[in-house]
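Student: Chain by chain, the residues:
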Amino acid sequence: MSLDAYRRVGLAYLPPTSEHWLGTDHLGIDMVALLVAGLRSSLYVGFLAGIIATTLGTLIGVYGGYKGGLIDDLLTACTNLFLVIPSLIVLILLSGSLQEGRSLTLIGVFIGCTTWTWTARAVRAQASSLRSRDHVALARINGYGTLGIVFLHILPYLLSYLFMVFILQTASGILSESVISMLGLGPYDSISLGNLLNQAIRNEALSDGAWWAFFPPMVLITVIAFALYVINTSMEGIFNPRLRK
Amino acid sequence: MFANHPTLRYIAGRAGWYVLTFFVAVAINFWLPRLGDANPVDTLMSRVSGSMDAKSARDKEESYLKEFGLVDLDAKGQIVRDAAGVPVRTSILSQFVRYVGMSLRGDFGSSIVQHPRPVADIITTALPWTLALQIPALILGWFIGNSLGALAAYRRGVFDRVLYPMALLVSAIPSFCFGILLVYLFGIQLEWLPTLGGYDDGMNPGLTWAFIQSASRYYILPFLSIFLLVVGGQAIGMRSMCIYELGTDYVRYAKLLGVRESLIVRYMFRNAMLPQLTGLALTLGGMVGGALIAEMIFSYPGLGLSMLTAIQSLDYPVITGCTLLVTTCVLVANFTVDILIGFLDPRIRAAREGGH
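Protein sequence lines, in the order shown, are assigned to chains G and R.
Under our numbering, read the first sequence as residues 1 to 245, first letter to last.
Under our numbering, read the second sequence as residues 1001 to 1356, first letter to last.
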């Protein structure tokens, strides 16, 4: 059995056989091959969006929370502003504006840039409580600059928390990609799980009863997101001794 | 005037904040679609110009340019031209000013695909469907989800062990997958309920008995798909809030005093409720987004479907009209929640009455 996500192997919507475990899609391409390719893109988008959103949110949150004063007020106002404007809407407008060149990477960047807000908010709250700790005051007396204190004396305290944030952001990145692709605003250059679903729905997989065309991508998305949530919950148990049984 | 009226001052402060947010949303709505080089007139021209000669095509293009406010007009409403007779394009800034003015009046221009139908007309046809579907589903889901979450936290045991992983799994299912599953299972495999549209073909929307009967059959599946998702998400949040409350001193003290269990649950519920209400502000945007997607899956004749068809046919005025309206609704809902919290949370109430 060879896997090629661009080669037709049979008729449209062939049911699963021993040769093609999950049948074929509307073009007659092997579903297993498509799923493998789609999974790769979805994980890539998720991690990219997770990294961007966590980094952006952390930098804005930590800086504002440590600095306080006017800068903090401005950053908080900005965060709250983008927090209430639905990120899906911003995502639709962003991806809708670019017809060509909507690459997988670009979609990941867009998602990262629209979902950093709640990270910034949560990190800011933590950073501002760390600000008045003794070791931060000592570092200040010893002449560390703002950046030095933020990176050496505040961020290390947040690392366990940030790790969990990153996992959640990755999960939500994968979900966002599938939603945006479902709407037909997904990446043009690659096969993603959302794209597969979009194609299946548009090509009557539902009414044809071709469950193998839409069910496996849904299961994969759900399993990834669920797995990430479970990792997050168990990490919480490890990092927070109070939750241990 | 607000100085000695803390409640009014609180409301005015929040209102001012949301007005500012609204203007940022309008700006986003204007600038983001213009990041690319999509231009409504070019799109329209490519649709109509096929059978035209050069002269009438140019006339048509100029009338479109005028209609979409892309060219400067003189005092008599004529197009301003440069030396070569080419219309002078309006600067993007004055287009923006015009857009803000129009948005405030509720005028979103006209659709490209269904030209010359105004976007406002498309939206007013779709809006009642969206409101009738989403508001009951979101509110009911929120209440039931919170009650289940509190119950799971308090009972722990089997109830919690079954309910919590289930809620976690449900919240991991993307909203549209849920819709697709419902369509496939109940609509196509079992053929219990209709799946596409809002009412039977050939019926005119109106307040007749037959129409209401038909519409309510189409209502069940989209409603369920939104409702169940909200229940799952809220139950998880409420459960962890309540578990946190279980470990606090006042609960332990009340238990030691031998206070009735139902009273303790009530105390806990009230305390856990506030963060849940605050959390509503954060999740509302996402919930509405999920609900819009559900509408698209079910081809429910609401805003979600209008948005989807507009996205597929690159009908920018309709897309931005819908997005602006959805954003505005979310802002209004958030504002309401904010005011509600202000009255419910004793800490905020005290800060207000203390005259901070």
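These aren't lab readings, by the way, just hints derived from the structure by calculation.
Here the structure is a predicted model, which means the values were calculated and not measured.
Even for Gly, the Cβ is constructed at its ideal location relative to N, Cα and C.
Any given hint could be a false lead.
Some chain R residues judged to face chain G by a derived CB distance under 8 Å, without partners named [to be verified]:
(1) 1026
(2) 1027
(3) 1035
(4) 1101
(5) 1102
(6) 1104
(7) 1110
(8) 1166
(9) 1168
(10) 1194
(11) 1197
(12) 1285
(13) 1309
(14) 1311
(15) 1328
Computed far set for chain G versus chain R, every beta-carbon distance over 10 Å [what the hints assert, rightly or not]:
(16) 10
(17) 141
(18) 144
(19) 171
(20) 207
Student: Do the numbers back the hint for residue 1101 of chain R, that is, is its least Cβ distance to chain G under 8 Å?
Tutor: Violated: closest Cβ of chain G sits about 20 Å from residue 1101 of chain R, beyond 8 Å.
Student: Does residue 1168 of chain R hold up as a contact with chain G if the rule is Cβ-Cβ below 8 Å?
Tutor: Since the shortest Cβ distance to chain G is 6 Å, the answer is holds.
Student: Residue 1102 of chain R was flagged as interface toward chain G. Is the shortest Cβ-Cβ separation under 8 Å?
Tutor: violated (17 Å)
Student: In terms of Cβ atoms, is chain R entirely out of 10 Å range of residue 141 of chain G?
Tutor: holds (33 Å)
Student: Regarding the hint that residue 1309 of chain R lies at the interface with chain G, is the smallest CB-CB distance below 8 Å?
Tutor: violated (10 Å)
Student: Please check whether the beta-carbon of residue 10 of chain G is more than 10 Å away from every beta-carbon in chain R.
Tutor: The claim stands: residue 10 of chain G keeps its Cβ more than 10 Å from every Cβ of chain R (closest is about 23 Å).
Student: Does residue 1027 of chain R pass the interface check with chain G, least Cβ-Cβ distance below 8 Å?
Tutor: violated (11 Å)
Student: Does residue 1285 of chain R pass the interface hint, meaning its C-beta sits closer than 8 Å to a C-beta of chain G?
Tutor: With a closest approach of 3 Å, the residue 1285 of chain R hint holds.
Student: Does the no-contact call for residue 207 of chain G survive, Cβ to all of chain R over 10 Å?
Tutor: violated (6 Å)
Student: Do the numbers back the hint for residue 1166 of chain R, that is, is its least Cβ distance to chain G under 8 Å?
Tutor: Violated: closest Cβ of chain G sits about 11 Å from residue 1166 of chain R, beyond 8 Å.
Student: Under 8 Å is the threshold here; is the Cβ of residue 1311 of chain R close enough to any Cβ of chain G for the hint to stand?
Tutor: holds (6 Å)
Student: Go through the hint on residue 1328 of chain R and say holds or violated, using the shortest Cβ distance to chain G against 8 Å.
Tutor: This interface hint is violated because 10 Å lies over the 8 Å limit.
The earlier numbered hints that this structure contradicts are 1, 2, 4, 5, 6, 7, 8, 10, 11, 13, 15, 19, 20.
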